[in-house]
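Chemist: The chain contents come next:
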Amino acid sequence: MNIGLPKGVKIFSPEETSQIKYIENKISNVIEKWGYDRLYLPDFEYFEVHKKALGSARENQTFRFIDRYEGEILTLRADFTAQIARYVASLREKEFPLRLYYNDDVFRYIPPKAENLWQIRQIGIELIGSNKFEADAEVIAVAVNSLKSLGLSNFQIDLNTVSLFYAVKDILHLKDKEFETFMSFIKRKEFFNLRNFLIKFDIDLDLKEFIENIPKYQGNVKLIESLVQKMQKYPNLINPLKELIDIYKILKSYGLESNLFFDLGEPKEFDYYTGIIFEIFLKDFKKPIGIGGRYDTLIGKYNGNIPATGFAFDLFNLYKYMKEKNLLLEKSKKDYLIVDLTKDKENAYKISSALREKGYKVARDIVDRDFKESIKFAFKNGFKYVIVVGVEKNKDEIYLYNTEKEYKKIKIEELIK
Amino acid sequence: MDKITVALPKGRLFDQTIEIFQNAGILKEEVKAKSRKLILETENFRFLLVRAKDVPTYVEYGCADIGVAGDDVLLEQQPEVYIPVDLKIGACRIVVAGLPESKENYNYNLTEIKVATKYPKIAEDFFKEKGITTHIIELYGSIELAPLLNLAPYIVDIVETGNTLRENGLVVIDDIRPSSAKLIVNRASYKTNNKNILNIIEKLEKVV
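Which chain is which? The protein sequence lines are F and P, in order. All residue numbers for the first sequence refer to my numbering, where the first residue is 1247 and numbers rise by one. All residue numbers for the second sequence refer to my numbering, where the first residue is 496 and numbers rise by one.
Check each hint, because a few of them may be wrong.
To be verified - Between beta-carbon pairs, the in silico distance windows are: (1) F:1454 x P:694: 20 to 26 angstroms; (2) F:1286 x P:623: 37 to 43 angstroms; (3) F:1575 x P:683: 27 to 33 angstroms; (4) P:603 x F:1287: 51 to 57 angstroms.
It should be emphasised that the hints constitute simulated quantities derived from the structure, not laboratory data. These figures come from a predicted structure and were not determined experimentally. Each residue gets a CB set at the ideal place from its N, CA and C atoms; glycine is no exception.
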């Protein structure tokens, strides 16, 4: 009999679940403090509609199925930003800025090797209706404050802008297919192919050199400033670079400059970004834990022309890091397990409801067994205390265990007062 | 400075890579892979001797910072790594081959094809672009046997000199693409050990 799970999904134990929930609570508290409202979004949509806002790579990763009533193709949610773009476009009365957040799963079919999951949990925000750098900076600041609320300070934010690549596309008059090839060379840092690709273009040497070296541009703000100096002749190229410097200045005023890093050679996988993009890394951890950026044309794929920016945390990666570094507490404890040896169990009901009312987490032992076994079970399963009712004849007194061996006798009145 | 871990395929590519590293001035010592040792240490490097097909795996998962792998392996596996330098060693071609009499049929309105190969993905991608349906028979070695024993009329394989094909009475029927060995780099290593790795890349670029 097969009782396995499909590849790409996993179950988190009660302890893991409570730790992930702890991370989610901390982050959503910060997000709400910045005035964001939570949205519950549907787990599936029409494929035709959802895919409008996905890149072709993401579109191929969708989990699709048929609606047997209408015969339409549906898809599980592959991207929250796409759903929110559709939602905002559908609003009849739009008032901006809109600040929205979400916390749920996306479903993406990726090759099932190693620990790749098909169901990925995210928490993220969207700031809709502003094309100002302040909006991008706010989004980054919310991400940073979320991490700080979890006690994390060794993060690095890699900044980049996709406008730079579109500027190169314009300057070289690349067709879409050529641009795709060009970007694949940049993404995989294929320096030799990039050089070969540029040979056929009749352009100035300094421009050629600039483009050839894009995958190597990693560094601090001085690098970006020096590139601006060098490329004065090409306003198309320096505008995106100046944008990066502007954002940097705002984030510097937030005291974040030591966490900022520029990485121009790392374009993101999404087709929908239009400006500043960023990825968040933690020291000694290989995968990014968050990604975000500006998407000014995405909502327009549905309706209207509305600038927006946002980001999302990959909660499982964040969780994995905190677990590895022992930054998570054990599962929060339950307070009391009540074992009632009497027949009518009256006292157990009375005590448990009184304690719950006072805010304690209380469970009843409902298995018939020797009460020593019950006590063992309780301490093994995360209870702080065990209350045993009816050990002695005296109905008003209970035994309160704080370890497997130690107990004291207490009057019920005293316990629940 | 932390040592850089390099995953290298055993065999000829290993010696050629060591030579290039020496010429580039990033490796001073002699390194010979003669014993059964799988890890060889030098002052600046730790070399891992692995199967050619496994190099991308070691690099992708960060057990090695860099490695050397042929286009054939990279195209087949599509690992998430950077590919900054063409080392121009291990040069060969990826081709379609078969018995001479199969040539005519290949050139005549082919709609489906049966192919024996070590490279199912490369073969399938190549024929898919031509609108030809592919039936793949996956083999791990001695691919040339397939047309001789009528397992499949065509094979997709790498050829260097063409000697093996000739000795078994096969001919090249179609050319898929050239292949040569590339330097590959783990993405996180590139980020966290940027200076060192960029230095290696630039020195290698000068000698190849």
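Chemist: Against the range 20 to 26 angstroms, how does the distance between the Cβ atoms of residue 1454 of chain F and residue 694 of chain P compare: consistent or not?
Modeler: With a Cβ separation near 23 angstroms, residue 1454 of chain F and residue 694 of chain P satisfy 20 to 26 angstroms, so the hint holds.
Chemist: Okay, residue 603 of chain P versus residue 1287 of chain F on CB: inside 51 to 57 angstroms?
Modeler: holds (54 angstroms)
Chemist: Should the hint that residue 1286 of chain F and residue 623 of chain P are 37 to 43 angstroms apart at their CB atoms be regarded as holding?
Modeler: Check passed, 41 angstroms falls within 37 to 43 angstroms.
Chemist: Do residue 1575 of chain F and residue 683 of chain P keep their Cβ atoms within the hinted range of 27 to 33 angstroms?
Modeler: holds (28 angstroms)
The structure agrees with every numbered hint stated previously.
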